[in-house]
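Peer 1: The listed protein sequences derive, respectively, from chains B and Y. Counting from 1, position 417 in the first sequence corresponds to residue 423 in the working numbering; the numbering is continuous, with no gaps. Counting from 1, position 205 in the second sequence corresponds to residue 264 in the working numbering; the numbering is continuous, with no gaps.
Hint data in this document are derived by calculation from the structure and do not stem from the laboratory. Note that beta-carbon positions come from the ideal geometry of N, C-alpha and C, so glycine has one too. Do not rely on the hints blindly, as some may be mistaken.
Some chain Y residues near chain B, calculated using beta-carbon distances under 7 Å [unchecked claim]: (1) TYR107; (2) ASP113; (3) ALA136; (4) PHE156; (5) PRO165; (6) LEU167; (7) LYS168.
The following label-pair restraints were derived from C-beta to C-beta distances [said to hold, decoys possible]: (8) Y:GLU217 to B:TYR408: 31 to 37 Å; (9) Y:MET275 to B:ASP417: 21 to 27 Å; (10) Y:SER132 to B:SER384: 47 to 53 Å.
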Amino acid sequence: MKHIIFVTLKLLFERKRQTIVAIAGVSIGVAAFIAMASLMNGFQKYFIEQALDLNAHITLKVKDEADKGKILKKVYGENIHFQVYGAKPKELKDKIVDYKFLIAKYERDNQIIGIAPHLTGQGIVKYGTIEKSASLIGIDPALERKASVIDKFITNRKLDSLITDRESIIIGKLLARDLGIDEVGKKVIITTPNGVTHLFKVVDFFDSGITMLDQTRIYMNLKTLQTILNKPNEVNEIIFKIKDVYKANELAERISKETGYYTESWQKAFRNFLQLFKIQNYITYMIVFAILIVSAFGIFNIIMMTVLEKKRDIAILKALGYENGDIIKIFVFHGITIGFFGAIIGCVIGYALQEFLASVNVGIEGLVRTKGFTLDRSPIYFIYGVLFAFFFATSASFYPSYKASKLNPVDIFRSSA
Amino acid sequence: MNSIVELKNINKKIRDEEILRDINISIKKGEFISIIGPSGSGKSSLLYIVGLLDKPSSGQVFVEGEPIDFNNSQKIAHLRNSKFGFIFQFHYLISEFSLLENVMVPMLKAGKSKEEAKERAYFLLEKLGLKGKEKRKPFQISGGEQQRVAIARALANEPIVLIADEPTGNLDSKNTAIVMEIFCKLHLEGKTVIMVTHEIELTEKTERVIKMLDGMIIEEIELEKKKC
Chain B
7 MKHIIFVTLK LLFERKRQTI VAIAGVSIGV AAFIAMASLM NGFQKYFIEQ ALDLNAHITL
67 KVKDEADKGK ILKKVYGENI HFQVYGAKPK ELKDKIVDYK FLIAKYERDN QIIGIAPHLT
127 GQGIVKYGTI EKSASLIGID PALERKASVI DKFITNRKLD SLITDRESII IGKLLARDLG
187 IDEVGKKVII TTPNGVTHLF KVVDFFDSGI TMLDQTRIYM NLKTLQTILN KPNEVNEIIF
247 KIKDVYKANE LAERISKETG YYTESWQKAF RNFLQLFKIQ NYITYMIVFA ILIVSAFGIF
307 NIIMMTVLEK KRDIAILKAL GYENGDIIKI FVFHGITIGF FGAIIGCVIG YALQEFLASV
367 NVGIEGLVRT KGFTLDRSPI YFIYGVLFAF FFATSASFYP SYKASKLNPV DIFRSSA
Chain Y
60 MNSIVELKNI NKKIRDEEIL RDINISIKKG EFISIIGPSG SGKSSLLYIV GLLDKPSSGQ
120 VFVEGEPIDF NNSQKIAHLR NSKFGFIFQF HYLISEFSLL ENVMVPMLKA GKSKEEAKER
180 AYFLLEKLGL KGKEKRKPFQ ISGGEQQRVA IARALANEPI VLIADEPTGN LDSKNTAIVM
240 EIFCKLHLEG KTVIMVTHEI ELTEKTERVI KMLDGMIIEE IELEKKKC
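Isolated chain Y (complex conformation) (with noise of 0.2 Å):
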């Protein structure tokens, strides 16, 4: 399997404290992956990398084969609007928006017209579960349900990976299964997802689960069975 974003000898610093130290990661296309750790372990740190959110202190980022350049932001810029999704563990909607506005942000970005975007994202928002929702504003609906239009929104210009930041962190259990079952049919669809979670229950429906523990990844597990 080709790698879709490889990350080689990453190291990140904020002021002196070192972040990330080390890290070499491949990650697979249609890969489910977890990353866990405790608190302050570099875990979303991580991630933003990954998700070209953040510029290492040192080390290259791959991304489709291709060496990433962070002093381009605008092509970073294009790269986070084609080709990744982000998902947060608060929903961070735009309280102004109605959902289906929400949904259509990145799409508008992209070049899609009005008519387009609008047609897409009503059919995620319906595929999500909140059909008949899609003029409510944030506040209207539950944090489950936002998280849903969050998810939406990261799937609106179908990129290649979906990078989920605790995702379940704000949510009941019922939420939490709801979301976990999402992001396994995306998965099953071919969808690559990278998952910071504390849950390690959740780990167990993901087919590789990274530890980390101070800025270092400690341990990379393959999970024989896939639970999705």
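Okay, chain B solo, but in the shape it has when bound (with noise of 0.2 Å):
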């Protein structure tokens, strides 16, 4: 094996130009690999983060299944066809009659972490002369904490707050911006739909970092809630954080079996954004491969060059007693040489850009808010891209091994007579 190795190096280290070139484009591949696999799946799995810690696992709620034809297939039987025009909406039974009784029931689950009514609604908020519409949530802060990560996007921690004074609130960031308040302690007006009206301090920011619950959400006592909406002792929603979140389907669907109601687990109420990352991840390796592949056709071409002129070369290596095995071995060590320093150095500067894209500050705001980029920094990505990078700069040389191998010195030595 020394003849290959020693062979292989003496030509890669003496043709510098073109081995420069090939490793390059092998190492561009996998920086761009490790920098957009990182950046997407960093931004991905910190709004599942984001949205994991605020949305509940589990969420059991009432749904409106509102059959129109209910009416009438009491009354002609299940197999009949209609069309029912004009139907006027009608108040939907939105509450969870024995709430008290489920949450003690699932607290004694060993799947389940914590559990915690919501009472949510609409409503409007009014500082000054400007209004919002909001989204009320009416929550136990005691149960919450142990059912959400809540407190995280607390600015100041005055959970606590909603507990010791009933007329508090705590409001999303976006919307106390929108609304022009800028500091705690502030006094809004919230009307409700059905016109009750009530003056409420602000006491704490809610900061997720996802636009539309920031722009939005407005956090209150659940029985404050309960009394402004006139719902007295009704929850509409019920959210359970459970041990292994990749178990959430499973354990909604047999939540809602057990008490009869909707349940959705987190991959269902975020099934369009998970789609979208799917597809979203789709482009980024579409593209890394097409950047990749490029890469593997520059090794191809290197290496047929290679082998082209230096024909007469593989002949007189012939001669001297090579066989057709080791002019193999020769070129395809040189495509692998080629992944190895490309994968290297492309890990290198994948780590760079990471380093780059880390302290990069820019303020993002879409989706979710950041200072910056978020990156997923696993050295899973790495792996991937040293991986990828042999298989393309090993398969990239073995169709120029396999032309070179039967290269027949007779007739080189004939032509260059």
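Assembly of the complex is requested from the two constituent chains, each provided in isolation within its own frame, with the hints serving as guidance.
Peer 2: In structure tokens form, the structure reads like this:
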């Protein structure tokens, strides 16, 4: 094997320009893969983590399953064809009647870490002359802490104020900004759909980083919201925090079967985003694969050129006793060496790119709000990058190596005589 | 004297053209043979078959009495590496390698360690008058010197037969004389040398002259007096 390594390394190091170009191609591909994968997955993971922290792993609620033909079916049986025109929306029975019992029951389940009731509703919040619509969420702070990581997103950690002061609220950071509130202690008026207006004091801000939540949410004490919405002792949502977030689907199904209520896992709640991320990942990987394929063609061309230029040397190697297998090994090893150095340099550049991206301080406000790029710096991208580089570099060298091994030395000597 | 290489009823066809016709030669150990003939007479083709670089269309080749199976490419490559040394009109040195490395290449294939190969390469280059130039690249030395490096490379694995295809064809008279002197020395050391040449005067130094025409051996002359 040492004769193979000797010849390959000599050819590689003595043909510096071509070798550098080939290695640069692979390095760029690997670095681009590492940077893009960590950027894309970092963003997605950040979004999912935030969404998971904020939106419960499983939500139990009452679903509007308005069946317009319910009465008709009751009278004429299930097997009828009908069309209902002008059906008038009815008030939904939007409440979970036995929520205290359910909380007590599932608190004992060893797959569930925390469980908390919610009452949600809509309202108009007014500060001075500015009015904005808001999602009102009534919570029990003690239970909420167990079922979510809400504390993480409360700017001044004053969640307990909702217990001590029933007239207090925690308002979304962007909603506060839109209303012109820049400090705690300000008073706002909230008007509910049933016409009740109530004065509240802003005691803290809610800053999740997810724009759509920070722009609409207002947290208040469950009892207070029950009072102003005129829904005494009612809740319309129960949230669950579970041990294994990836078992949310099956657990949600089980709870739904057991309780008869509609349940929604986080995967189901965010299916649109998860689908979008899937497409985004496909696009990312397609671009990176395109880069790697281009560099593979680069390697192919360079090795093919080397084979064509070195025909005479291949012939003389064969005359000196090198076998076809040796010639194949020399050029495949050529590709592997390019892949190896390309992968190493690509990893270094990829790491440097990650460092650079992590240090960029730009305010991003879109689906999520961050002060810079959120990166997933898992070593797995480096491992994948190295494997891809090896795979492409080795594959690209096979055909030229095979062609080189098939050269007939006598033909070469005759043609150059 | 025993035959080192023997060719029996060798024919070679390339497409429809007959390159070699019914060749029978027996090359004995320590012989210095020259093959002459006009261009296209089949000299080089014969040499390639003797050196196991090419496969005959029919006939049998024996090396040290063993018949050669040309389908066993691994064995053929091993024989080329260990038993034959090739020298061509154009030196065919690998331009990226130093003179030393060019000489080391066949030895590494033979399984010698890098140190062993280096030591012998230094020895051979010194023997051929190239001491001090070992680290140079082929383009940094003259044509005569390049051919001497090619001879050193051919001698690397101590072959039993040296095969030279017009080794002086590209050299001036001074360098031709040097190369021929080297061949003579090698012959006197007991090496078998087979040389194809256009230059009749060079055949005077050999023991046997094989004349070829149109792919056939038309005459074999045993020279009486050794001039080496």
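Peer 1: Work down the list of hints and note, for each, if the structure agrees.
Peer 2: Against the structure, the hints:
no.: 1; hint: TYR107; result: holds, 5 Å
no.: 2; hint: ASP113; result: holds, 5 Å
no.: 3; hint: ALA136; result: holds, 4 Å
no.: 4; hint: PHE156; result: holds, 6 Å
no.: 5; hint: PRO165; result: holds, 4 Å
no.: 6; hint: LEU167; result: holds, 4 Å
no.: 7; hint: LYS168; result: holds, 5 Å
no.: 8; hint: Y:GLU217 to B:TYR408: 31 to 37 Å; result: holds, 33 Å
no.: 9; hint: Y:MET275 to B:ASP417: 21 to 27 Å; result: holds, 23 Å
no.: 10; hint: Y:SER132 to B:SER384: 47 to 53 Å; result: holds, 48 Å
Checked against the numbered hints given earlier, the structure satisfies every one of them.
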